[in-house]
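2 protein chains.
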Amino acid sequence: MNYPESLAHLISNFAKLPGIGEKSAERLALAIVSSEEEYVNDFSASLKNAKQKLNRCTICGHLTENEICSICSDSTRDKNVICVIEDFKSIFAFESSGKFNGTYHVLNGLISPMDDIGPEDINIASLINRVEKLSNPELIFALKPTIEGETTTMYIKKLLENKPVTISRLAYGIPIGADLDYLDNITLAHALEDRKKI
Amino acid sequence: MNYPESLAHLISNFAKLPGIGEKSAERLALAIVSSEEEYVNDFSASLKNAKQKLNRCTICGHLTENEICSICSDSTRDKNVICVIEDFKSIFAFESSGKFNGTYHVLNGLISPMDDIGPEDINIASLINRVEKLSNPELIFALKPTIEGETTTMYIKKLLENKPVTISRLAYGIPIGADLDYLDNITLAHALEDRKKI
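Each protein sequence line maps, in turn, to chains A and B.
Going by our numbering, the residue at position 25 of the first sequence is 25; the numbering climbs one at a time, nothing skipped.
Going by our numbering, the residue at position 57 of the second sequence is 57; the numbering climbs one at a time, nothing skipped.
Read the hints as simulated data drawn from the structure, not as lab findings.
Hints are not guaranteed to be accurate.
[Claimed, not checked] In silico DSS-like cross-links for lysine-lysine, where the CA-CA straight-line distance does not exceed 30 Å:
no., chain 1, residue 1, chain 2, residue 2
1, A, Lys23, B, Lys48
2, A, Lys79, A, Lys53
3, B, Lys157, B, Lys144
4, B, Lys79, B, Lys157
5, B, Lys89, A, Lys16
6, A, Lys16, B, Lys48
7, A, Lys48, B, Lys89
8, A, Lys144, B, Lys23
9, B, Lys16, A, Lys89
10, B, Lys16, A, Lys48
11, B, Lys23, A, Lys23
12, B, Lys89, A, Lys23
13, B, Lys53, B, Lys157
14, A, Lys144, A, Lys157
15, B, Lys48, A, Lys48
16, B, Lys23, A, Lys99
17, A, Lys23, B, Lys53
18, B, Lys23, A, Lys89
19, B, Lys79, B, Lys23
[Stated by the list, open to error] Computed, partial: chain B to chain A, Cβ under 10 Å:
no., residue
20, Phe14
21, Lys16
22, Glu26
23, Leu28
24, Lys51
25, Ser70
26, Ile128
Yeah, the Cβ is synthetic: ideal placement off N, Cα and C, and Gly gets one too.
Generate the whole structure from the sequences, applying the supplied hints.
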């Protein structure tokens with residue numbers, strides 16, 4: 001396709017975003033061209049701004065514009081409860097559920113020998129450090145139910161073996177609204193094993 | 001949701017794009033935060049760049065970085081054939097079909113009394129002007145098959161009544177790959193009326 005160069009460049013940048021194909025990238029770039037200049041300038045500035053201002057909380061690894069994130073600096077949150085997650089995106093999902101009043105710890109990856117990612121490559125040391133300073137710590141693992149997720153959970157559990165810490169993982173089971181007929185066997189087996197008295 | 005301010009701002013800008021909902025906007029903004037700074041700076045610059053550099057071809061109204069677009073300045077294209085379209089996005093669709101070797105004329109709207117858009121609000125005068133300068137002009141209307149599209153086509157046809165110009169519109173009919181059972185009555189009626197001997 002014979003796009004003017006600046007349009008082609010913009011399309012290729014949109015197409016680098018996750019879930020945006022060539023066709024959507026064209027649609028978005030053309031929308032930009034048809035938009036008000038004020039909006040485009042603001043959009044342009046907000047891209048750079050977000051990238052420059054946002055860094056990781058020095059305690060939990062969440063996104064923040066300050067040194068410590070809004071969750072770690074919130075005195076109403078229970079600092080003894082730490083939900084261990086793979087990446088900061090999960091925090092937004094948990095927060096929007098509104099059901100969690102503890103804090104988080106972002107590992108920034110999972111142990112994966114296949115990809116040459118060892119325990120020292122992810123934020124495990126800082127987690128152990130946090131746990132050791134707490135009087136009555138509780139860890140909730142919210143990692144992907146994959147080999148890497150399980151390995152990481154087990155590795156950290158082993159490191160904390162002799163420490164007084166309560167450790168759990170999220171329940172595996174049937175997602176709300178799911179059709180049982182289409183559920184995979186492993187999920188069904190877990191749902192059966194972890195059945196709950198009612 | 002308690003986003004850091006620069007992230008919230010970026011999300012709201014993504015959400016202003018067509019077809020991008022709140023959830024997708026969050027996903028895209030978080031992808032930006034996780035991207036290389038070089039890419040984000042380039043993306044930011046390409047937004048402004050596209051908006052600033054692209055303007056409308058003074059002949060046909062297509063997007064171009066110059067005064068005259070690549071199609072109007074292409075000596076191999078048949079300048080006597082003008083495909084009349086509502087907006088420049090259609091040009092990319094036609095060009096990607098690779099079946100058209102004429103030129104275009106972007107009306108930038110359709111006559112619509114309901115929306116207070118009259119003939120003088122869209123690029124009709126410049127079209128008549130172009131047609132009058134040609135020796136053997138042919139107009140192909142490729143407007144939406146709606147009342148506005150039909151009205152605009154008929155209005156321009158009337159203006160050219162006494163001029164030696166061949167006028168046609170795109171065929172209405174069954175889209176390739178469509179399921180006849182799900183086709184609307186009007187399309188079916190058109191497809192029947194315009195049936196083609198084989």
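Checked hints:
no. : hint                : result
1   : A/Lys23 x B/Lys48   : 21 Å, holds
2   : A/Lys79 x A/Lys53   : 26 Å, holds
3   : B/Lys157 x B/Lys144 : 16 Å, holds
4   : B/Lys79 x B/Lys157  : 19 Å, holds
5   : B/Lys89 x A/Lys16   : 21 Å, holds
6   : A/Lys16 x B/Lys48   : 18 Å, holds
7   : A/Lys48 x B/Lys89   : 29 Å, holds
8   : A/Lys144 x B/Lys23  : 21 Å, holds
9   : B/Lys16 x A/Lys89   : 21 Å, holds
10  : B/Lys16 x A/Lys48   : 18 Å, holds
11  : B/Lys23 x A/Lys23   : 20 Å, holds
12  : B/Lys89 x A/Lys23   : 12 Å, holds
13  : B/Lys53 x B/Lys157  : 35 Å, violated
14  : A/Lys144 x A/Lys157 : 16 Å, holds
15  : B/Lys48 x A/Lys48   : 12 Å, holds
16  : B/Lys23 x A/Lys99   : 19 Å, holds
17  : A/Lys23 x B/Lys53   : 22 Å, holds
18  : B/Lys23 x A/Lys89   : 12 Å, holds
19  : B/Lys79 x B/Lys23   : 46 Å, violated
20  : Phe14               : 8 Å, holds
21  : Lys16               : 7 Å, holds
22  : Glu26               : 7 Å, holds
23  : Leu28               : 5 Å, holds
24  : Lys51               : 4 Å, holds
25  : Ser70               : 6 Å, holds
26  : Ile128              : 25 Å, violated
Of the numbered hints stated above, those contradicted by the structure are hints 13, 19 and 26, listed in ascending order.
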